[in-house]
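Participant: Those sequence lines, one after another, are chains A and B. Be aware that the first sequence starts at 449, since it is given in the working numbering, and climbs by one per residue. Be aware that the second sequence starts at 573, since it is given in the working numbering, and climbs by one per residue.
Hints in this document: simulated from the structure, not taken from any laboratory. Treat the hints with care, as some may be off.
To be verified - Distance condition first, Cα-Cα at most 25 Å in a straight line; then the derived DSS-like pairs of lysine-lysine:
1) B:K880 - B:K917
2) B:K994 - B:K1009
3) B:K953 - A:K892
4) B:K1011 - B:K1032
5) B:K953 - B:K1049
6) B:K953 - B:K826
7) B:K763 - A:K892
8) B:K960 - B:K1032
9) B:K1032 - A:K892
Claimed, not checked - Examples of chain A residues toward chain B, derived with CB under 8 Å:
10) E502
11) P503
12) F588
13) M873
14) T876
Since the model is a prediction, treat every value here as computed from it, not as a measurement. Heads up, the beta-carbon is just placed ideally off N, CA and C, and yes, glycines get one too.
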Amino acid sequence: MFEALMQGLTALAQPVPLGWLFFGVVLGVWGGALPGVGGPAQLAVLLPFAMLMEPVNAIAFLIGVTTVGNTGNTFTSVLVAVPGGSGAQATVLDGYPMARNGQARRALSAAFMVSMLGGIIGALILFGSIPVMKSVVRSFGSPELFMFTIWGLSMIGTMSAGAPLKGLSAAVLGVLLSTVGQDIKSGVIRFDIDQPYLWDGISVVLISLSIFAIPEMIALAARKGRVAEVTELGEKGILEGIKDAFRHKWLVLRSAAIGTWVGILPGLGSDVADWFAYAHAKQTERNTENFGKGDVRGVIAPESSNNAKEGGALLTTLAFGIPGSTSMALLLIAFVGVGLNPGPEMLEGELHYIMIIVVALVLSQILASGICWAMIKPAAYVCFFPFYILVPLIVGLTFLSAFSAHFSILDIFALLILSLFGYLMKVTGWPRAPIVLGFVLGQKVELYLWLSVARYDMDWVWRPGVMILGALIAFTLLWPVWKARRAAPAAQAAQ
Amino acid sequence: MSTIHDHAREMIAGRASRIAAAALVVGAGLAIAPPAAAADDFYKDKTLTVVIASRAGGGTDTTGRLVARFWGDTIPGKPKVLVRNKTLQVIAANDLHLKGHPDGLAVGVFAGGGTLGPVLRGSSSVRYNLLEWGHVGTVDRGPSVQIIRKSALARLRDPKAKPIAMGSVSTDRTQDSTAVFGAEYLGWNLKFVLGYPNSNAIYLAYGRGEIDMFGSGTVKILNRFIRDEGAVALVTETARPDYPGVPVFTELLKKKNLSKEVWSALRQWNGAGAVDKFFSVPPKTPQDRLAILRTSFIAATKDPGFMKQAENVFGGGYTILSGEQTHAAIAGAIAQDPEGLEVIKRLRAKYKLPPVSRGGKPKVAVTFDEVQRDGRVLLFKHKGKAMKLRVSGSRSEITVAGKVSPRDALKTGMTCLMNWEKRGDRLEARKVDCLAKVKFDEVQRDGRVLLFTHDGKKMKLRVSGGRSEITVGGAMKPRSALKTGMTCSLNWAKRGDRVEARKVICP
């Protein structure tokens, strides 16, 4: 393996592959920063060009494009509450309040630092798991994946800002919204209310934009102000952000581990890595009363996990030659197109290509964070743009992003209707994160429960992995209660 | 196959003299392209969008992208080729049919199982008519191969052992019919696990040990699982030279002396396999552009680069069908008489698979040229052929405008939806659902509400965008095509506290 690593390093450490890597990173960051531009859509456009390249250059370029989107999409999440991508939704919860408090630079700096660290951790886990890749992926079947989705739903309480019943109701609504559209196994179209537009279901892009972005822009326009409610951004914000990353190094590590695991499990997707990490942070960290109001840990956790996920996702793709997500599928097509054979053949006979992927992944994370750091200072001034400049700009970008859901004008109407609902939730104090989490997990809950019962009847409940995850869920639910009970006597004594 | 070029040459010759005079007036060096050459130049500076009706990474996606890579260079004008994915087959097919612009700039890529299968099953989600599409061509990867985990072989014919889990998306593919008929007639001890979102999920499930059996036509996948994942090829759908020695499923069934209804059922179920991955454009796409796409499709698949990659991914047994062949194959699959339909229904019910609605609802719209003997004999034309059907007083189910009626309610000139079956040496009507011919007094809200008078009673009907099937001038249309004053044939059904149109046929 060491020999393959040296071989891979030598192949990549040439001007041309490094040049392609840099170009890919620039495109990936740019695509991530613009809502609706990056992700699989961007990759699909670049694919034909990549397939004309030499294998090493293609790997460098594609890894650069694919794995840094979650770094670039932090800008809009923090500065204007527009989730730049499906992996940046949770970042909005604390990133945007930090920007409003004049701490945009700190939030961005911390995000990019942990994105780099999380991505490197994910790459290292990928490297370390090469000998046991297949065993790792094989450990998780539909029952275990179902339990993971339940674990995700169990975290709703932590995101309900002291209103657990409202949070639960919002989550249930999110799950119900996820059932709209055609059911794959039976072909039945559900809850389409006579609208062919809904046959394909509601897009997660529309949900996240309408729940977060538009309501925040309406609120900004209503108060006729700026994003930042202070007059100074704080010159030391960037340095403070870097320190935050190391101050909370264990949270970075745990979140990266969560992200890598979510990436390994095909079918869970980028949508949930950040939520899982955010909820985990809220449950396990001390003094979490400021989560949702601008706590830097609420930025660190999701940003670390959504970059670490890339290493995990590559694990399944490389171990089996079978992609676990759309981005990985496109990446795989490109690899095959340039003559590579991801899968056992590559593990046995072309290990140096895997090493090239690992090294490219590490370098991409470092480069992307570096590029984004360089943009923090000018980007942070967006917080001082007056509302009459910012709101139309952001709303326009949001509409563009929404249109990318189905490339239909009805996407805009759907955005407006859902945004009204999102705004009502905001003004009436309903927690909004649970509805998004319920939505992204809803389809997976149904799918994996169905498959579990179809395959194992009710015997799936007794699988070891299921029971371990069940215990983890119980711990997740009971730990905050126990913690609160333990703190209560001390609080009473203090009074 | 260069019909477009022959066509262009004819038109150019006829107009050359007029164009030459105009060219002289305008000046040297100004070439006025004759209208006939516009077809050839149409794709210049344009983008051809290939919409793949599946997620990225599966068989349909791989096939579509492979063709797309080589297609742009073979189309006159060398347009850019952009590939997009649309997740669900039926939804993508509905979109192509109802919303697709017939301009030749978008081509859908579909899988026979996922698109033709629901049609054969009579799925309520189907809003498209494959026979109205312009078919460009097909990449047929070859017959599917059923593979099974070696360690599970011992349980295959042991009904007392734990059933072997067979994974699939739904039940519309030929590998699904192989599994079902294998379970029923060859004694395979199977448990069907349906609902995997796509082929990749099935492969991963096998890799995880969740399922022990699946079918595929992709040689690369099959060989990898056979080589590295402890699988063996159990049966092939039909003989494959790249899998010598593997039993052919139909040969195994022949040894069981099955009835002709069972064979008919197998043919019917496998109808979805008539085409594998096919490329099509929306209805009413201009013929000249369709011809360009057809010609260039064949040329792209003959590119040495394509052939090399196709062999790598599909194996050597893949074939290419032309657009005309694709259309014929689809028409043949849809037109099958449902002799084995009862067998299919029984099997699906027994193995708890999604049911078949075909045959349960009338499918063919006919207008009676003559009704004889008080409704006992119907004469009409179907597909250009004169038909004579008997109507039984007890076995034939007759409804007129939604109301169960005796056969003497059938009259000459009525438009009805019906199906029939052979009974002895005669054809006998099974279900006859006659539509009421009405004139719309008013059409409100863009076709959502119809007001008319029927049998002296004023009626108000809702028209659903999803459930009501509307045909105007022989083509499926959205409800906004319905206008005040139109005379149409329709039927309806109660839905909650409202009455909703089911089928509306307007001239």
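Participant: Does each hint hold? Answer for all of them.
Facilitator: Structure-based check of all given hints:
1. B:K880 - B:K917: 43 Å, violated
2. B:K994 - B:K1009: Judged against 25 Å, a Cα distance of about 29 Å means the pair is violated.
3. B:K953 - A:K892: 50 Å, violated
4. B:K1011 - B:K1032: Holds, because 12 Å separates the two Cα atoms, which is no more than 25 Å.
5. B:K953 - B:K1049: 24 Å, holds
6. B:K953 - B:K826: 37 Å, violated
7. B:K763 - A:K892: Holds: B:K763 and A:K892 sit about 22 Å apart, inside 25 Å.
8. B:K960 - B:K1032: 36 Å, violated
9. B:K1032 - A:K892: Violated, at roughly 42 Å.
10. E502: 16 Å, violated
11. P503: 15 Å, violated
12. F588: Holds: closest Cβ of chain B sits about 7 Å from A:F588, inside 8 Å.
13. M873: Violated - the Cβ of A:M873 stays beyond 8 Å from chain B, reaching only about 28 Å at its closest.
14. T876: It is violated, given that the least Cβ distance between A:T876 and chain B is near 32 Å, above 8 Å.
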